[in-house]
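Chains as they are written, first to last, in the working numbering: chain A, 108 to 364; chain B, 14 to 650; chain C, 694 to 912.
All the pointers check out, no bait thrown in.
Subject to a maximum C-alpha distance of 27 Å in a straight line, what follows is the list of computed DSS-like cross-link-like pairs (lysine-lysine):
#, chain 1, residue 1, chain 2, residue 2
1, C, K789, A, K186
2, A, K154, B, K520
3, B, K506, B, K520
These aren't lab readings, by the way, just hints derived from the structure by calculation.
In this text the structure is predicted, and so the values were computed from the model without any measurement.
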Amino acid sequence: MKISLKVWRQRSAGDSGRLVRYEVPSVSPDMSFLEMLDVVNEGLTAKGEEPIAFDHDCREGICGSCGVMIDGVAHGPMKGTATCQLHMRSFADGAEIVVEPWRARAFGVVKDLVVNRGALDRIIQAGGYIGVSTGGVPDANALPIPKSAADLAMDAAACIGCGACVAACPNASAMLFTSAKMGHLSMLPQGQTERSRRAVAMVDRMDQEGFGGCTWHGECQEACPKQISIDWISRMQRDYFTACLSFRADTTGDGAG
Amino acid sequence: MNLDSRVPPGPLAEKWDHHKFDMKLVNPANKRKYSVIVVGSGLAGASAAATMGELGYNVSCFCFQDSPRRAHSIAAQGGINAAKNYQNDGDSIWRLFYDTIKGGDFRSREANVYRLAQISVNIIDQCVAQGVPFAREYGGLLANRSFGGAQVSRTFYARGQTGQQLLLGAYQALERQMAAGTVTMFPRTEMLDLVVVNGKARGIVVRNLITGEVSTHLADAVILATGGYGNVFYLSTNAKGCNVTAGFRAYKRGAAFGNPCYTQIHPTCIPVSGEYQSKLTLMSESLRNDGRVWVPKQQGDQRGPRDIPDAERDYYLERKYPSYGNLSPRDIASRAAKEACDGGRGVGETGLGVYLDFRDAIQRYGEQKIRERYGNLFEMYQRITDEDPYKLPMRIYPAVHYTMGGLWVDYNLMSSIPGLHVLGEANFSDHGANRLGASALMQGLADGYFVIPYTIGDYLARTPPEPITLEHPDVRAAEQAVRARIGRLLSIKGSRSVDSFHRELGKLLWDKCGMARDAAGLKEALVKIPAIREEFWRNVTVPGSGSDLNQSLERAGRVADFLEFAELMCVDALHREESCGGHFRTEYQTADGEAERDDDHFAYVAAWEYQGDNRAPALNKEPLEFENVHLAQRSYK
Amino acid sequence: MHRLLALYRSTVGKKIIMAVTGIILIGFLVTHVVANLLSFQGPAKLNGYSAFLHSTGELLWLARGVLLLALILHVLAAYQLTRLDRAARPVGYQRKVPQSATIASRTMRWGGVLLLAFIIFHLLHFTLGTVHPSFVDGDPYHNIVAGFQGHPLVSGFYIVAMVGLGLHLYHGGSAMFQSLGLSHPSWNHDRQRLMRIVAGLVALGFAAIPIGVMLGAIR
Ligand SMILES: Cc1cc2nc3c(=O)[nH]c(=O)nc-3n(C[C@H](O)[C@H](O)[C@H](O)COP(=O)(O)OP(=O)(O)OC[C@H]3O[C@@H](n4cnc5c(N)ncnc54)[C@H](O)[C@@H]3O)c2cc1C
Ligand code: HEM
Ligand code: HEM
Ligand code: SF4
Ligand code: F3S
Ligand code: FES
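Generate the whole structure from the sequences, applying the supplied hints.
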């Protein structure tokens, strides 16, 4: 099949960038979207032009590196699928496909389709962990956990940190990402001791990074390759609310050490 | 070269305890004064960096991805082994130790493997405390599944995303230390050389992948946890960025490289579909619990799989290995598939595939049950191939998956360069010539959480401080060399892309140094590889500049190293005149086609030492002594 | 920091404030619509109810105070969140295709502005009487009839505003529960339906009054 692309090309963070059109004459429907971009890039390289920069690594939907806006939809038209697992058979022959980077104040464009998602790491850093150091922990079976709680925690923990939720949200909100990590940890008994502290710290960090708020559009859960539900955002609201009612600022003092 | 394994004396089961007592400790107040570089943020690197940070060392951690959470460990699906014996099915530390030694075809170091089995138990405790959501039974206790090469159920798992969950646990611990200020993270930063001063590893030269800036970081010790080099074959189940650069640069600075030819080919991957193919996708080994592997009996049979009656199908694994059947270990299942395809009985357009058929399982348990067990895998398969595995059998083919070879390390995980430690898949590993499923995750975390934090203290406490600065001539020289190499890659401006060379190399290696090897093929490869390399340095084109994000340049550097490393692999494969585990030399097989070891001549680790460009590497041998297990032919019949 | 301030400083906390104030405002609207529907039963009922309310004295002022405060907080939080949300995406997409966002969810802000304008007009209209053609203090029935009768523009504005209110409640009604963390897959669907029915009834109930006056059902 044959398609044409309009790809966002931007040399660097400072550059203004624009959409550039590329014709791709021989596309196999069995190619993945990224393999199609590889083919375009080989062509550009042959002409001595700079290939299109895009993030990717595992190419099997788990590392969260990849992710672009494909025709106005984060990760493209197939539900529950990261860009690297999207195949060209999802597009019609002759289609024109617009490819843009994630857009958010907190995600600056680095080059072409590559953005900086460091803000997501910093949200985890603020409190997205259980504060145990190596060694000195009880036996793994000392603490039974209901299967249903473990399964729910796993649903949330499946987040790959791709940032599609932010990209898709009309408010560029990182609530789905933040709530997934918070939800994973607060579903488990191990996560209870720091629950309030974590809720406040992660939300504060999320705000400082310049993400927007949630107005319940639900676009994030549509875009999420792991189909994480916005009910997690709701849980986060509750955790935060409860935390604010019980939380004392002085307990944050000791940091993470 | 002195290859002292530093295995402590005493009975096997007590070695590690005694050693921990004998090791020197660093005074807590002094730990802050020691700086340690960790390259890699996978299971091994992240767990090591976090734990050393907790202990108070001043740690810098590097990875080439944009976040440490994206290291390749994230992709591991199946599970992690531990000798917990929670199932009361007769497991024990000794059994895990024995299974690992046997699975590795008796080519690993007993003391290391025993320690690994001992520590496996602590890993699960640690991960649960971190909140890793392992699968559980209704009673609330942890669930286990079975994996190839073992007769007990000791594999812990978190759906099909065990590696992801374990890595996120380690990553969270790492982020916690970053918040505490003990670890500084350098994402999108690639190590391009090792700095060795006065014979000790003292730092690394890195390139910031965003700005292109080349700089040097100095430390009192360096740890490489940079993963495996399966991508030397171009097509593999590894993430696209996996590379040998860090390990190979260290090799060129004097670290011995152990058993480079030991590579693992995984039997169940989705076959190649076209020239554009960029990587191969693993289908979990667990599928072989219910799927039956077959090919048509007749060569070139063009009928659809459902039109071939049972009598005309060859369920070759069940035929050849009646007791393990479809669950025979990876190396064996892979070779059997290759044999079938080489015999013209492969399926699919390319003829490079065999069927993995769920028809009988679906008949027996119903589609619903199968959906419960493997739903997400079936979906993944369908997404990639557009075929419905509930209706048609899956087509699978072996693919490069894991590398048992790596930098040689002693019992303390220190390489032959003092101060350079190597963890995880990057070291020559505890898996001998073949790794059992669910053991790599175990090893990476054992190394990072529970071994290196002790042994690094011993090294630091015994090593008198020698302050150096960035002005030291050896430091400057290393940095200069890196800049020169980048400049050279950019200036060739030839006519072939980096990927085209990588593909060419990969195909050659797959044919000559893949699932089956022989002297003639390896010799041929040893002639062709230098020719490809020569053309690479003459005719490669790397568009763009060195002073910003340039993915072609990143790949060019990695492929340049693969092009040298591939030769080392073939040299090793050629010298090892026996078959063992993943290394199958067709000249050395038993009458019924099984791997034939030669323990009299090859029961050693081959540790190769760099002698200069265009000079043959020197072979050093670390003999393997088996005091506790009996050497036997591996049989899964 | 005081914990309520902690609530106010974050996006999540602001949402909680919007939801809590939303409950207060919806609570008022439900009683208000029921009271207004009394007008279909003639002047005695409605004026009686109004007289009763006015007789409560301080209590009425307390209720008014709470309502006013709720409205101010609601609007303030909405304004601040809107600014934060806009700032969070300085560069938009060339192409963006909504997957689940509805007209209701996407018009919350303009719908809110419409409601604010409506409320101001409405207070001037029926409470203060400033913009009313023949305002009679203490006779809301007359005020309603005279306010709409022969004033198609005013009636039209009320009806349009009620469409806006319906949409605002259609999305806001569910959102409120979600913001308060009262969300669970087992009842999300029913809750969604219930709130949509409530939204529809409230909007229809209000709209019925200007329509009723114009059609002559209320005279
Ligand atoms: C598809 C798949 C499934 C698997 N499933 C299982 C399983 O079920 N069970 C099991 O036990 N094992 C499994 N394995 C094997 C296992 O995942 C790996 O062996 C293990 O995760 C390796 O961990 P690591 O920490 O050593 O390296 P990695 O996780 O590969 O991490 C390497 C790190 O080094 C960094 N790095 C590399 N080079 C450089 C450089 N030059 N400069 C800077 N940084 C660098 C990378 O950024 C990365 O952070 C699987 C492997 C694959 C491919
Ligand atoms: C009678 C009056 C009103 C009622 C009953 C009402 C009710 C609600 C409710 C229940 C919500 C959902 C809150 C949540 O997301 O949790 C909401 C949201 C919202 N309201 Fe109102 N509201 C009223 C008036 C207003 C006014 C006057 C404005 C603005 C000028 C406004 C602007 C908004 C906005 C913008 C939202 C979206 C929430 C967000 O941005 O986070 N509302 N409203
Ligand atoms: C078409 C529908 C409506 C009609 C006919 C109507 C009618 C009235 C009347 C007659 C009064 C005066 C009551 C009195 O003084 O006793 C009043 C007051 C008021 N109405 Fe409405 N109303 C309508 C819709 C609304 C809506 C949608 C809102 C809110 C968004 C609203 C908010 C108010 C407020 C705040 C007051 C002042 C209450 C007070 O005096 O304490 N009304 N309304
Ligand atoms: S919540 Fe979903 S969309 Fe958001 S980062 Fe995680 S996986 Fe990606
Ligand atoms: S799309 Fe945005 S508005 Fe909320 S529900 Fe998702 S974060
Ligand atoms: S490349 Fe890893 S998720 Fe797509």
